[in-house]
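*Asks:* Residue numbers (our numbering), protein chains in the order written: chain A, 1372 to 1736; chain B, 43 to 216.
If you are wondering where the hints come from, they were derived from the structure by calculation, not from laboratory data. Given the structure is predicted, the values throughout are model-derived calculations rather than measurements. Virtual Cβ for every residue (Gly too), placed ideally from N, Cα, C. Check the hints yourself; a few may be wrong.
To be verified - So the derived label-pair ranges between C-beta atoms look like this:
1) B:65 with A:1690: 49 to 57 Å
2) B:57 with A:1442: 28 to 36 Å
3) A:1615 with B:180: 46 to 54 Å
4) A:1489 with B:192: 28 to 36 Å
5) B:175 with A:1389: 30 to 38 Å
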Amino acid sequence: MSIDLIIGLTKAFLILGLLLTNTILLIWLERKLVAGMQSRVGPDRAGPFGILQTVADAVKLLLKEQILPLKADRAMYLLAPILALVPSFLIFMIIPLGPSFDIEIQGENVTVDLVGANINVGVLFFLALSSIAVYSVVLAGWSSGSKYPLLGGVRASAQMISYEAAMGLALVPVILYSGSMSMTDIVQSQSGFLSSPIPLLDSIVGFIPKWNIFPQFVAFAIFFVASVAEVNRAPFDLVEAEQELVGGFHTEYSGFRFAMFFLAEYINMFNMCAITATFFLGGWLGPTFSGFLPPIISAFMPAVWLGIKTFSLLFIYVWIRATLPRLRYDQLMELGWKRLIPISLIWLILSSIVLGVREFGLPWS
Amino acid sequence: MLDIVLFAVPASLVILGALIVIFAKNPVHNSMGLVLTLASLAVIYITLNATFVAMVQILVYAGAVMTLFLFVIMMIGVDKPEQTREEIKGQTLLVSGTLFILIGIISYVVINSGFKWDLWFPPVDYSLEGTPNIIAGTLFTEWVLPFEVISLLLIVATAAALALAYDTKPGKKK
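Next comes chain A alone, as it looks inside the complex (with noise of 0.2 Å):
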């Protein structure tokens, strides 16, 4: 076997084990945040602080019948979770986890990228997986055979179209800033200070790291707000509204299926948060403190860094869920259609207008 190959196989092993404890450990801390956000206890009975929680939910869904409703379209409710399984995983592929470092194997020098694959048009992949996505929503909903995940389904894919385009519109500035659609130089294109050309206000700015964030907080939060429907969180929750759909697409799905759409869910839910830090918090860079701190732990400040500005937008995510009540359906595509894509239109034009008279100065003189 080549060494590419065995890096390649071990990079994927790592990044699956890396999302499914990482889910656990997620969906521990969101129930953990949003009982404390309610003053109620939460989970507390296994193991300590209740993180084992989780890991006895999974076995019971795991040890569960598996339900085929007699009016199902057999083909399609089979594929529908795998349809949902399959690009939560291949998106976390183009998130770079840290600059590339050489390693010697049998006396060869091999450069390792921190990244699944180094792609140079990963943001079309990363907004084509998750277009992707969107079919095992309308297929489970459809699949069905049952009034209540048609109607999730149908609202699931009108909603996921809609914030589509605006995510979409909203990554068109950050790709003409950083020059590249490959994830790997949209990190590097972020690395250093701001300046500006005005001595007073540079020696103000000089101390702001280059993060995306501030050039284009416009950007930033539509992105956001878009991410959050995209997933489907609440308050974008409305294809799997409890109190009017039951469960949504999801309904008549139980046992490991189910759990399938769940461990999508969150780990879709983390890939989004991984991204956005990547597009627009700057990834894995960071002070990596390689005089003070040992060698092989200054090697994993950049992981660090990434999971400190992923776990924190994470955070804005449940306390966004534990705050705001679900929008109305009308609202949700007034703020999709005539709020969020038109700014992003406006905001595109001016990015570009400001960075052409950077380029090649004003058209005047």
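Given chain A, put chain B in place with the hints provided.
*Replies:* Quick look at chain B alone, frame taken from chain A:
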């Protein structure tokens, strides 16, 4: 060897998807067959080192267009088996006959033109990096007029569809 596998697997999936589109009775199954065809085509593009085209293929066709197809099928509830009764007498015979004549004419032209094709693709130039840059370069210099004309055409089509859907003549009820 790897080249052949990388071509044969997606190519057979393309054909399988196309067969599902033709032979499946349920519209939802048909559209999922089309999704399979479009996604497998994207895999072939990737093996040809055209990652940008592959991603756009998935994003636009498999992602947006087919989701809208499914949405419409579910919204207006035509997800029942299609009826196979002939509306016009002898239409199957007529259509397949015309199609065979057309295929015959095309084959005749191709065979007599001295056109030769290789069984596999020509060797791919893997040194070309950054396909979006190349595509954008040619699109906005060499092909800028056709590009703009197509965008105009799409706008006109959208406007026409809106005008047909929202007929707001007074005294006319929807």
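*Asks:* Give a verdict on every hint.
*Replies:* Now the hints, each set against the structure:
Here the CB-CB span from residue 65 (chain B) to residue 1690 (chain A) is close to 51 Å, well matched to the stated 49 to 57 Å. Under the hint 28 to 36 Å, the C-beta atoms of residue 57 (chain B) and residue 1442 (chain A), about 31 Å apart, fit the expected range. For residue 1615 (chain A) paired with residue 180 (chain B), a C-beta distance near 51 Å keeps the hint of 46 to 54 Å intact. Taking the beta carbon of each, residue 1489 (chain A) and residue 192 (chain B) are about 33 Å apart, inside 28 to 36 Å as hinted.
With their beta carbons about 33 Å apart, residue 175 (chain B) and residue 1389 (chain A) fall inside the hinted range of 30 to 38 Å.
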